[in-house]
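A.B. asks: Now for the letters of each chain:
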Amino acid sequence: MTVEIVDIVESVEQLPVLPGTTLRLINILSDVNTSIDQVVDAIRHDQNLTAQVLKLCNSAYFGLSRQIVSLQDAVTYLGATQLLQLVFSVHCKSTFSKNQEGYGLLAGMLWKHSNAVAIASEKIANHKNLKPTSGLLFTAGLLHDIGKVILDQALSEHYQQVLELAETEQIRFDEAEKIVLGFSHEDIGQMIANKWQLPEEIVATTKYHHESENYKGNDDQVALVVEVVHIADSLVMMLGIGIGTDGLRYRINENLINKYELKKDYIDRLGVEVLASLEKIEKLYGDQNSGS
Amino acid sequence: MNKQDGICLHLSDRKSMSYTEATIENSVTSITVDIADMVVSNRPGDKLITYSLGSCIGLAVWDPQVRAGGLLHYMLPDSSVSPDKAKDKPFMFADTGIPLLFKSVYKIGGDKKRLIVKVAGGSQMMDSKGVFNIGKRNYMVLRKLLWKNNVIIDAEDVGGFESRTMSLDIATGLVTIKKNKRIIEL
Chain A
357 MTVEIVDIVE
367 SVEQLPVLPG
377 TTLRLINILS
387 DVNTSIDQVV
397 DAIRHDQNLT
407 AQVLKLCNSA
417 YFGLSRQIVS
427 LQDAVTYLGA
437 TQLLQLVFSV
447 HCKSTFSKNQ
457 EGYGLLAGML
467 WKHSNAVAIA
477 SEKIANHKNL
487 KPTSGLLFTA
497 GLLHDIGKVI
507 LDQALSEHYQ
517 QVLELAETEQ
527 IRFDEAEKIV
537 LGFSHEDIGQ
547 MIANKWQLPE
557 EIVATTKYHH
567 ESENYKGNDD
577 QVALVVEVVH
587 IADSLVMMLG
597 IGIGTDGLRY
607 RINENLINKY
617 ELKKDYIDRL
627 GVEVLASLEK
637 IEKLYGDQNS
647 GS
Chain B
373 MNKQDGICLH
383 LSDRKSMSYT
393 EATIENSVTS
403 ITVDIADMVV
413 SNRPGDKLIT
423 YSLGSCIGLA
433 VWDPQVRAGG
443 LLHYMLPDSS
453 VSPDKAKDKP
463 FMFADTGIPL
473 LFKSVYKIGG
483 DKKRLIVKVA
493 GGSQMMDSKG
503 VFNIGKRNYM
513 VLRKLLWKNN
523 VIIDAEDVGG
533 FESRTMSLDI
543 ATGLVTIKKN
553 KRIIEL
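Protein chains in written order, with the working numbering: chain A, 357 to 648; chain B, 373 to 558.
What the hints contain is simulated information worked out from the structure, not anything from laboratory work. It cannot be assumed that every hint is accurate.
Covered stretches of chain A (chain B as the covering partner; in silico rule of three or more C-beta atoms under 8 Å from a C-beta of chain B) [stated by the list, open to error]:
| hint | stretch |
| --- | --- |
| 1 | 459-470 |
| 2 | 515-528 |
| 3 | 581-595 |
| 4 | 607-620 |
| 5 | 623-629 |
Using N, Cα and C, we set each Cβ at its ideal position, and we do this for glycine too.
Model the full assembly from the supplied sequences, consistent with the hints where possible.
C.D. replies: Shown next, in the form of structure tokens:
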């Protein structure tokens, strides 16, 4: 192993563990058989989060006619996706929001990109009436690029080399990352997801979101989450929401276009809807300093 | 103190359309043009800038005589997919955004015959065809619209796989493109 590879592995190892509440909530909300009580139980031990949940519920944004005072009511009202949005913005936003020089992402851009992919993933699943637990799909979408957070520093030193290789060999940017840096951002993402002990759907998405055809496991739900996030990510990259200097040097698995009945008008409308939802979220959780 | 007077019109949507009369000191003010957004200006110190053009298109027009211009960042070719949204955010679509860019520049003194037109963006993913080739569709609509209106594109940097940042300097008309961490003049 070169010195840099050791550095990268160490960075992953030194990454703080996901806060217990977040991890518990991801697992609970990823399970179809979850009861409201389990969710409430996971939140109520975290005073800060409890306060935030109630505050969000009673914010002008929702315009409820009565004040919600019990966590139970708040959780029921918000639902899995809103809860995860809140949990991630309380506990994980700072990890995503740093300026990333290697990928040329200004502060907040990766967070914006990740949210857009999470939103688009849920919308695609709804369009096809697919029902993996919505919390799972949202989380997989949100965390798919987490590997970039760590790989960024190594990339910033070798960007031109990675770019040149991708251009001359006509390979994807992540394939060039792997050759030059020893890891792709998907490899690192998978290491982080494993370290955080996240559900298999999320681990597989961090690893295969640019090559869904290479997921060889036989779990249909895992394959579904990987494929949906792959489509969502491709669309969001094209729309330029939080894309960096890797640009659009990725490939779309064209087989999925038929499988998910993705017509031109639908894709365009989805783009409109994703941008609108993203603006709502930004209003709700504070503006991001980012490009568009 | 060298003061610069003029008008900068920032139109993120029709509802918030507002003219700002500005008087600022002699320094460059960077004004960000968001996705589905447009800004026009005749204030010499303004530099209009738009980030992360993927398959979206950045369209810059500038009149060298009155030194007025505008920058549009549109996302999709055709407003018919969402007519309601087009009312709210005309700059999201080529067919509603492009005419409005030209009209807005005329309003601050620009003349069609003198306008210099520059285009950037319209990237695509590798091997993408059909449905997912938003970049190509975005560019085709632009070409068609401009051709129908006898407007010539003076310079362009479109296609490929890159993400671009585009800027227009109102004082000089200089258009720059930043891609792959390098800046080029268009």
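A.B. asks: Between the stretch 623-629 of chain A and chain B, see if three or more residues pass the 8 Å beta-carbon test, and mark the coverage as holds or violated.
C.D. replies: holds (count 5)
A.B. asks: Does the stretch 515-528 of chain A contain three or more residues whose Cβ lies closer than 8 Å to a Cβ of chain B?
C.D. replies: Coverage by chain B holds here, the residue count being 5 at a Cβ distance below 8 Å.
A.B. asks: How does the stretch 581-595 of chain A fare against chain B when you require at least three residues with a CB closer than 8 Å, holds or violated?
C.D. replies: With 5 residues closer than 8 Å to chain B, the stretch 581-595 of chain A meets the three-residue bar; holds.
A.B. asks: Test coverage of the stretch 607-620 of chain A by chain B using CB-CB distances below 8 Å; three residues minimum.
C.D. replies: holds (count 7)
A.B. asks: Are there three or more residues in the stretch 459-470 of chain A whose C-beta lies within less than 8 Å of some C-beta in chain B?
C.D. replies: Holds, because 3 residues of the stretch 459-470 of chain A bring their Cβ atoms closer than 8 Å to Cβ atoms of chain B.
Checked against the numbered hints listed earlier, the structure breaks none of them; every hint is satisfied.
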